[in-house]
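Colleague: Since chain A is already given, all that's left is putting chain B on it; use the hints.
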Amino acid sequence: MEAAAEPGNLAGIRHIILVLSGKGGVGKSTISTELALALRHAGKKVGILDVDLCGPSIPRMFGAQGRAVHQCDRGWAPVFLDREQSISLMSVGFLLEKPDEAVVWRGPKKNALIKQFVSDVAWGELDYLVVDTPPGTSDEHMATIEALRPYQPLGALVVTTPQAVSVGDVRRELTFCRKTGVRVMGVVENMSGFTCPHCTECTSVFSRGGGEELARLAGVPFLGSVPLDPELTRSLEEGHDFIREFPGSPTFAALTSIARRILDATPTCLP
Amino acid sequence: MEAAAGVWGWGWLFCVPGGRPQAASVGPRTCLRARLWAWGAFEPALERRISSGWFLRVVCGALTCALQGPVSNGAACWRPGRGRWGERPGNLAGIRHIILVLSGKGGVGKSTISTELALALRHAGKKVGILDVDLCGPSIPRMFGAQGRAVHQCDRGWAPVFLDREQSISLMSVGFLLEKPDEAVVWRGPKKNALIKQFVSDVAWGELDYLVVDTPPGTSDEHMATIEALRPYQPLGALVVTTPQAVSVGDVRRELTFCRKTGVR
Chain A
1 MEAAAEPGNL
11 AGIRHIILVL
21 SGKGGVGKST
31 ISTELALALR
41 HAGKKVGILD
51 VDLCGPSIPR
61 MFGAQGRAVH
71 QCDRGWAPVF
81 LDREQSISLM
91 SVGFLLEKPD
101 EAVVWRGPKK
111 NALIKQFVSD
121 VAWGELDYLV
131 VDTPPGTSDE
141 HMATIEALRP
151 YQPLGALVVT
161 TPQAVSVGDV
171 RRELTFCRKT
181 GVRVMGVVEN
191 MSGFTCPHCT
201 ECTSVFSRGG
211 GEELARLAGV
221 PFLGSVPLDP
231 ELTRSLEEGH
241 DFIREFPGSP
251 TFAALTSIAR
261 RILDATPTCL
271 P
Chain B
1 MEAAAGVWGW
11 GWLFCVPGGR
21 PQAASVGPRT
31 CLRARLWAWG
41 AFEPALERRI
51 SSGWFLRVVC
61 GALTCALQGP
71 VSNGAACWRP
81 GRGRWGERPG
91 NLAGIRHIIL
101 VLSGKGGVGK
111 STISTELALA
121 LRHAGKKVGI
131 LDVDLCGPSI
141 PRMFGAQGRA
151 VHQCDRGWAP
161 VFLDREQSIS
171 LMSVGFLLEK
181 PDEAVVWRGP
191 KKNALIKQFV
201 SDVAWGELDY
211 LVVDTPPGTS
221 DEHMATIEAL
231 RPYQPLGALV
241 VTTPQAVSVG
251 DVRRELTFCR
261 KTGVR
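Sequence lines, in order, name chains A and B.
Each residue of the first sequence is one higher than the one before, starting from 1 at the first, in our numbering.
Each residue of the second sequence is one higher than the one before, starting from 1 at the first, in our numbering.
Just so you know, the hints here were simulated from the structure itself, not pulled from any lab data.
Where a beta carbon is used, it is the ideal one built from N, C-alpha and C, also for glycine.
Among these hints, one or two may not hold up.
Subject to a maximum C-alpha distance of 27 angstroms in a straight line, what follows is the list of computed DSSO-like cross-link-like pairs (lysine-lysine) [to be verified]:
#1 B/Lys261 with B/Lys191
#2 B/Lys261 with A/Lys109
#3 A/Lys115 with A/Lys44
#4 B/Lys126 with B/Lys191
#5 A/Lys109 with B/Lys197
#6 A/Lys179 with B/Lys191
#7 A/Lys179 with B/Lys180
#8 A/Lys98 with B/Lys261
#9 A/Lys44 with A/Lys109
Chain B is nowhere near these chain A residues, computed Cβ spacing over 10 angstroms in every case [as the list claims (entries may be wrong)]:
#10 Trp76
#11 Lys115
#12 Thr161
#13 Leu174
#14 Gly186
#15 Ser204
#16 Arg208
#17 Phe222
#18 Leu228
#19 Glu245
#20 Arg261
#21 Asp264
Isolated chain A, as found in the complex (with noise of 0.2 angstroms):
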């Protein structure tokens, strides 16, 4: 392992998760979002890393726009979202003055910034961090990796939707994963059908079967397919827990699915 210029900020860190995609809107920051309220569901303390500095969703879809980032002795203190610390979070959103403002910086300011959330953010304790990424294969995803190498990442998270135009794109994303060295722990298929709430019937929107039949070809796990939900959209606009108030819908049922097999996929003693 290499010695790390600020080892302590992620020392507290059991377990790192990427989340990637070669494919813009698919899903990761919904993924994410979901995936820490499905693990704090199941009693982890789970922090978000958002490194989408373009588009920083994550503020947003946990109704923490607005709040301030403050320092503290160890750093930057994130943003917790309940008193009980059990989520926090980080982005470049908070930093911006206003929402509007475009952070329009070429690769090395970006990379400089992300270093910065890797080594200076004070995370403490956390079981997961996850760490959401910016579509494509640039700056941003070669320099999170970088960062967080020392840290021996548990691996990254694939995300796709079913038509082929997004799993040929995941494709390069699963190539980028081999060429850098990040596990994959999984593939998941987004926006995976939509059933009618009045009469059950599930319409393929966006095609179907591409997540499991990439997943397959490359050789990686296929962690599950998620149906489209209304009820998930409105939550994560709303920054509501979906996982807390929609036990019953089969989104539901497939996020905690996932959550699970991350879960058994952990390893429980520390390397």
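Modeller: Then chain B, alone, in the frame of chain A:
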């Protein structure tokens, strides 16, 4: 040819003393004259003018190019002092209008809208090109069923991929340059910027009514490189795509701020 070399040489020395060439615009006639100088071809009248005091005219022409403001006719402009021999500023000269398709958010349908807009414009009798500058996730080849097509060289640079014999739709994407469909483009900013500049300057689009530029999500190196490279050609403007939900609208508001900051209409 020696005179042209002299023009280029002096133009380069004059306008790029170690600094960035200024993006300059001139009237269409002067622009054409400048381009002809660059390519070593001369109009007969120009030849006569050149024979008398051509050196002075070269210097004045270069200064005029550097100092004049932007034209409103959207014509391609000669940038004095680019300096590289054999550069072909004319590749965007035949394009009447350039439209960027942007969104701060991924997955809202930029490539879909770019594709369908191009098809609708073709349906209206226009000749359309699509330039796909999403280097990490090039979707345009798949959307036209053109995966596996190759890009060939021609005398004016790279030939775009034509969809039909009438050449009513032409495409350029990094997707055509990858050896395998799974190949990941894992490049940092400077390399991406260089390819985008090449896409803008080296693709022989020919005569087009519209060039639709499909971009990746966000406000990154690719966007800045694309806007800088296209600025001399005065794009018509940007189409900004969103989906209804608040998380998209939030990101797209940032994209509108980006457009304001970079002067894109």
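Colleague: Would the least Cβ to Cβ distance between A/Phe222 and chain B come out above 10 angstroms?
Modeller: holds (18 angstroms)
Colleague: Verify that the Cβ of A/Trp76 lies farther than 10 angstroms from every Cβ atom of chain B, and report whether the claim holds or is violated.
Modeller: Fine: 22 angstroms to the nearest Cβ keeps A/Trp76 off the interface.
Colleague: Can we trust that A/Gly186 is non-interface, i.e. its beta-carbon lies farther than 10 angstroms from all of chain B?
Modeller: The assertion about A/Gly186 holds, with a minimum of 18 angstroms to chain B.
Colleague: Any Cβ of chain B at or closer than 10 angstroms to A/Asp264, or is the non-interface label fine?
Modeller: Answer for A/Asp264: holds, closest chain B Cβ roughly 29 angstroms.
Colleague: Would you mind confirming whether the straight-line C-alpha gap from A/Lys109 to B/Lys197 stays at or under 27 angstroms?
Modeller: holds (22 angstroms)
Colleague: Taking only the CA atoms, is the gap from B/Lys261 to A/Lys109 under or equal to 27 angstroms?
Modeller: With Cα atoms ~18 angstroms apart, B/Lys261 and A/Lys109 stay inside 27 angstroms; holds.
Colleague: Once the closest CB in chain B is found, is it more than 10 angstroms from A/Glu245?
Modeller: holds (18 angstroms)
Colleague: Regarding the pair B/Lys126 and B/Lys191, is the alpha-carbon distance no greater than 27 angstroms?
Modeller: violated (33 angstroms)
Colleague: Beyond 10 angstroms on every Cβ pair: is that true for A/Leu174 relative to chain B?
Modeller: Answer for A/Leu174: violated, closest chain B Cβ roughly 7 angstroms.
Colleague: Given the hinted pair A/Lys115 and A/Lys44, is their alpha-carbon gap at most 27 angstroms?
Modeller: Satisfied, since the Cα-Cα distance of roughly 26 angstroms is no more than 27 angstroms.
Colleague: Find the nearest Cβ of chain B to the Cβ of A/Arg208 and say whether that gap is larger than 10 angstroms.
Modeller: At roughly 18 angstroms from the nearest Cβ of chain B, A/Arg208 sits farther out than 10 angstroms, so the non-interface label holds.
Colleague: If you draw a straight line from the CA of A/Lys179 to the CA of B/Lys180, is it 27 angstroms or shorter?
Modeller: This hinted pair holds, its Cα atoms lying about 15 angstroms apart.
In the structure shown, a violation is registered for the earlier hints numbered 4, 9, 12, 13, in ascending order.
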